[in-house]
Each structure stands twice: as C-alpha cells, then as structure tokens.
Amino acid sequence: MTGTGPKTDLCNTGRLTPEKEADLTAQLLELADTDVKRCIQCGRCTANCPMAQHMDLVPSRMMWELKNGRASVVLAAASPWDCLSCFACETRCPRGLNPAGVMEAARLLSIRPAGAPVLTAEEVAELDPGMPQQAIVAAYRKFSK
Amino acid sequence: MIYNYYPGCTLSTNARALDRTARRCAERLGFPLVELPEWQCCGAVYPQAPDAVGERLGAVRALTAARDNGGTLVALCSACYHVLKRVNDDMAAVYPIRDKINNYLALEKPYHGETKVLHFLEVLRDHVGWNRLASLVTHPLAGRRIGAYYGCMLLRPGKVMALDDPESPAILEDFLRALGATPVVYDMRNECCGSYLAVTNRDYCREMVGRILASARDGGAEELLTACPLCAYNLVHNAAAEQQVPVTYFTELLARALGLATGGDVQ
Chain H
1 MTGTGPKTDL CNTGRLTPEK EADLTAQLLE LADTDVKRCI QCGRCTANCP MAQHMDLVPS
61 RMMWELKNGR ASVVLAAASP WDCLSCFACE TRCPRGLNPA GVMEAARLLS IRPAGAPVLT
121 AEEVAELDPG MPQQAIVAAY RKFSK
Chain L
1 MIYNYYPGCT LSTNARALDR TARRCAERLG FPLVELPEWQ CCGAVYPQAP DAVGERLGAV
61 RALTAARDNG GTLVALCSAC YHVLKRVNDD MAAVYPIRDK INNYLALEKP YHGETKVLHF
121 LEVLRDHVGW NRLASLVTHP LAGRRIGAYY GCMLLRPGKV MALDDPESPA ILEDFLRALG
181 ATPVVYDMRN ECCGSYLAVT NRDYCREMVG RILASARDGG AEELLTACPL CAYNLVHNAA
241 AEQQVPVTYF TELLARALGL ATGGDVQ
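Protein sequences appear in the order of chains H and L.
First residue of the first sequence? That's 1 in this note's numbering, and the numbers climb one at a time after it.
First residue of the second sequence? That's 1 in this note's numbering, and the numbers climb one at a time after it.
Pulled out of the complex, with its shape left as it was, chain L reads as follows (with noise of 0.2 Å):
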C-alpha cells in the first residue's frame, strides 16, 4: 500500500518538526510517507459556497494525483486533512460543485472522489493499532499528564470528517495510553483557539486561548498536544504569561516514545 503524504504550506516552514518527526515514525512504523510529486496549497480554509470553483483545485488536484497514485493519501495538518476531506466529499456527492471542476480540469479520467483521505492518526490507529503500537513503544511517556487539545478542523463537521466523534472524542487519548503517559479530559479540548483572527485580532484569541488553558489546567494536565500548526501557535503565542504550558506535536511525542527524538517543544 502506498501511503500519499500531501504536507502542505506549514509542515514545510513554520512547523517543520511535525514534518520531520512524522516522516521518520512512519518509517519506523512501517508506512513510508510518499510526498506527492506536485502539490498546491489546499487553501487552508474550506470554501463553502457552492459555486467557488478555484479555490477547490488545489485539494483536487492533491486528490486526484493520489488517486492514480494507489488512493490513499495521508495529511498531518489539521487544516489540509479538513479541506482535502471536504473537497473531497464534494466531489464524491455533491454534482453540480464535481461537475464543474471536472469540466474545469478536463482529466483523462474524471475525479469522481475516489481517493481515501486519512490523518496520520486514522492511520496509527486503523492500520498500525494502539496495541502494537504500545508493543513498539521503547520510551514510555510514564508519568506526564498530557491534554489533547483537538481544536476544531480534525473533528468538525462530524458528519463529513468522521474522524471521531466530534462531541467525545478518543484517537488522541488513545493514541497517548499507547505512548504509556496519562491522557487528561478537559472540557474545551475541542472549543476554537481563535483560528486566523491572530492575523487581524490577537485580543479574542488570547480569550479564547485563555479559556482552553484554563480548563486543561483545571483537568490536571501539565503539558498539552496537538496536530494543527495553528492550533499550536496560539496556544504558545497568545497565551499569558501565568498559564504557559510546554505544546507539543503529536508526531514529537510519538518520536520520543519510539527513540527516534531529537527536537523541542513547539515554538
């Protein structure tokens, strides 16, 4: 099986070490990342309105090429995995939006949604699985009390994502039992971080930063993780002074508990 990775803008500056960390655990783990060959900027946020055309092609294109390329392909950044699934629902489902980039694009073989998008994490969990990932495990994270922090394009909306369930969810808490540390419930877990409004208003992501940290110390976590670059920006960078925690990929956890750690905590 080959596993299609579609990296995207920030995995290849901003948040290199998701990059890195995940590229060398899926050796380890047995599913090398295949970068595709081209790939476009998804757009990081998905277009809703039906008739936005343009900004779909980059997730189709990413699609399609991992479509002849085996199906499948795997993305880290929240971002991209949300409008690499969407787009990708849209041109399984929805005709008139599948129509129009079809005719747009004119492809040998039109892109009717055939590519399985998957997260990394869909992966450890569905493919690997929590067991013998645990029995892989050489440097158990014992002892810290970890929060996941989900945010909201992982899982949002359910109905399309199918990740997890939205409202309760469980992959990244499974994903740190495997690790051996202890996962920490917290209410906000999956409440926004104020998003790209750090472009135009750090003030409401500081509140909304505040709120997630104040329950995630609430719920006894000391440090917290997550997937999306984003996500990790604001809780580092718009966070008070009195409520700073380490933030860590998920990916980095995942290297130190396999051996293959070098790096820090997110900056």
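Chain H on its own, in the form it takes in the complex (with noise of 0.2 Å):
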C-alpha cells in the first residue's frame, strides 16, 4: 500500500484557478514553515530518505512545486502519507530546511478541511496486541488531525 491517505477536492490539478492556487501555496507554506525558496534543490532529502523509493513525489520535487507556487500538485501526491516524520532530510539539509515539514503541511491541509479521519480503524489490518500504544497514537495523530 502506497499512499494511505485522501485524494482531497483540492487535489485536483488544472481546476484551479490562479487565484486558488496562489491561496493554497500560502496556506502550505505557513503550515510548512521552512524557508522553500532556499531549496537549492541538490537532492540529498530524497538521497536520505528512506521511503523515497516508494513515493510517487520525492521530497526534493515536493520542494521544488511548492517553491513554484504549486502546491495542487504538492496535495495531489500520496508521497505526504509515506512520511515517517524520522528527520533525515531536516537534518541533512545543508540549507537548514524542513521537507517533513512540508509533508505534515499537506497531511494537514488534507486532513482539516475533511473533518474525518483518513484512515478509519476499519482500513487498518487487525493489530498486532504486542503493538506499543506509541504506534497507534502515532498513527492516530498522523491520519487523523
């Protein structure tokens, strides 16, 4: 499974206005924040990441569609719900950005204006009782708010 997550109305690429897109892109980059006009774009998050290979968006390109003000295509993407949150690419960054931060931006502008959970316990495959509660709180919170 690639991409657990919502095709949200506002993912759909060329139905926006200009207008609408422009709002959108602010509204990620605030919830982002990291600088992604600094994006040097030389690779080394996808380099590091551990789920790029999986990821129908790496995280350099992430970076490079929001730096161009397209964040549709940036919400369109399952690469978001990929995202382990580990910091590789914050941390290896030689420009000091955050591309998981731009991940919890699009799980979040997906996930609020849905009201719902994206992932439902019934989409989750019996779990394991030996499981951490740490897991599941995690998973709570990355698909649900």
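Please keep in mind that the hints were generated in silico from the structure rather than gathered at the bench.
Honestly, I wouldn't trust all of these hints.
To be verified - Below, computed lysine-lysine pairings styled on DSSO-like, alpha-carbon distance capped at 30 Å:
| # | chain 1 | residue 1 | chain 2 | residue 2 |
| --- | --- | --- | --- | --- |
| 1 | L | 100 | H | 20 |
| 2 | L | 100 | H | 37 |
| 3 | H | 67 | L | 100 |
| 4 | L | 159 | H | 67 |
| 5 | H | 67 | H | 37 |
| 6 | H | 20 | H | 37 |
Remember, predicted model here, so these are calculated numbers, not experimental data.
Hints given; two lone chains; assemble the complex.
Written out as structure tokens, the structure is:
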C-alpha cells in the first residue's frame, strides 16, 4: 500500500484558478514553516529519505513544486502519507530546510477541511496486541489531525 | 536534585521492562526517579505545524509540572523525549507558539521553557559518568558484541535534540563499554525502522528493518539494544526469520550489569 490517505477536492490539479492555487500555496507555506525559496535542489533530502523509493513525489520534488507555487501538485501526491517524520531530510539538508514539515503541512491541509480521519479503524489490518501504544497514537495523530 | 520522571503511555503498558529496570537502576545509581503525579500522553509525534497548539499541551503541562518541582525532567522513551524536548524548545524560543499556549493555559507563572529535559542516558553520561558507572558494574557483559540501535527520535533534528552527534553518535557505545560489552558500530544504526507505518504497512517496516539488521550483522553485532519501544517492536516483530537477533532495552542490560536483573529480552 503506497500513499495511505485522501485525495480531496483540493487536489484536482488543473481545475484551480491561479488565485486558488496561490491561496493554497500560501496556506501550505504557512503550515510548513520552512523557507522553500532557499532550496537549491541538491536532492540530499531525497537521497536520505528511507521511503523515497516508494513515493510518487520525492521530497526534493515536493520542495520544487511548492517553491514554484504549485501547491495542488503537492496536495495531489500520496507521498505525505508515506513520510515517517524521521527528520533525516531536515538534519541533512545543507540549507537547514525541513521537507518533513512540508509533508506534515500537506497532510494537515488535506485532513483539516475533510474534518474526518483519513484512516479509519476498518482500514487498519488487525492490530498485533503487542504493538506499542506509541505506534497507535502516532498513527492516529498522522492520519486524523 | 529531583529527577522528575515522565514515563509515557508505552512504558506503562507494553514496555514495562524499560520502565521497571530504569527505576531500579536509577535508585542504585543515586538518582531515584520521581514520577510526575499527573501526566498526559505527549502525542508520540512532534506536531510540526506552528498553529498546532492543542497537540503541544500534554507536553507543556508535564514541562511546567517539572519546572515547579525542581526544574529537571527525565524521559526514557525516545518518542517522549523527542516531543518533550522539541516542545520545550518551542516554549523557549518560538514566541508565537509560546504566547498562544501561555494564553490558553493561563498559568499563574507563564512557561518559557525553563525545564531541563534529559534522557536517562544523559543522566548516566553527565551526572553519573561513565567511569563511575563502570566502577559500579558487578556483572560485566564481557564478550558480548552488541550493536546500539539509535533510530531517529533520540538524535534528530540534531540542533534541537543535541543529545549527541546526530550522524556519528557515541553515547550508547560509551554506555556499552562502561558495562564491559563490546560495542559494534554499523552503518544503519541511526536510520529509521519504519516507525508508525507498522500500523498501516508492515511491508515497509520489514524492508527497513531488513536493511538495519543486515547492516548490524555485517558489522558483527550478535544482539541489539535500543531505547525506543517502537524501534524494539519493529526490530523484533518485523524482522525476517533468518535475520532475528535478540533485542534488549538499554536499561535491561544496565540492570544485568549492576546485578539487578530479572526479566528477559524485549518481546
């Protein structure tokens, strides 16, 4: 399973007016709280991301799209749902940027308007009783608010 | 000095061995852990969005309680330590977040990140000292080749966590040397185990754990130790049968070396 998560109406690339695209980009940038304009596209975030090989839009490409004002492309991607927030990208970025923050912003911008969890209990395979609470709480936080 | 202690949800349930052995060892080493009388879940993941106020409150309440009882807060679970330390940094240095949270909580005395958040390992390194720890070892782990698995949350982002060098850490290897074991340094010791994707996609966890265990084996590790219950779970339960190695919490090894051990490896 790649890209657990919703494809909201926000994500229909090509349907957005330039004003709506600019508005979405501004919202995403505010939530991401990282200065994507400083990205030099060195690709180090992607090279160090343990999930990059499974992503439809790798971290450096996410930064590029957002830098160029195309939030709809970022929001249409499944990648944010595969991001582990391991912060390898942030720690290893030579410009001190935080692609994981962009991933989190994209998740939030999809979840918040939907107002409902994007991963329901029914969609989760039977939980191993030995699984730590920490995993369940983390998944709840990532997929529901 | 009061060592306020934040156990977190998992140490009260699935990772009781980590909690139990830590308390016992802390007593022996002269820094008894004082559990906060009331604590809430830290949320397990750090809320990165600057407007995520509610998600930070559990951590801030624990930090404030620790400030009001001596000013030091010790955590054991890597995720709790990560969240507490990063939220503390927000409260110290990120004024919009600090102001919103202080306005919401309406504390008698606003919180500005005064609490010192420590991982149990930092107490061992900086307060007890490796030499003194080594002198207290009664059952040295001689001949055991152990690979330390750091994972992500203890070390990254390095600027905020500041526990050790995020790319070339030494704290767990120094710990192992103090206990008389032979630490094994291997490439993947600070790469992610798959974390909470264990809930939604175990195949990804198996893939990542496979890379970590292969790297540890190539380095010569015969067993692994960790500080994180979720890492421990993934390393054990998402490992291929032919790659299985014993995985132990660092406090379990400490208890054994200090002659306080009961219990077994991470299940």
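Exercise for the section: Given the hint that residue 159/L pairs with residue 67/H, test it: the Cα-Cα distance must not exceed 30 Å. Expected result: holds, 24 Å
Exercise for the section: Could you grab the alpha-carbon distance between residue 67/H and residue 100/L and see if it respects the 30 Å cut-off? Expected result: Holds, at roughly 29 Å.
Practice task
Would you check the hint for residue 67/H and residue 37/H, treating anything up to 30 Å between C-alpha atoms as holding?
Solution key: holds, 6 Å
Handout entry: Given hint residue 37/H paired with residue 100/L - CA-CA distance at most 30 Å
Key = holds, 27 Å
Problem - Straight-line alpha-carbon gap residue 20/H to residue 37/H, limit 30 Å - result: holds, 20 Å
Handout entry: Agreement of residue 100/L and residue 20/H with the hint, judged by alpha carbon distance not exceeding 30 Å
Key = holds, 29 Å
Hint compliance for this structure: every hint is met.
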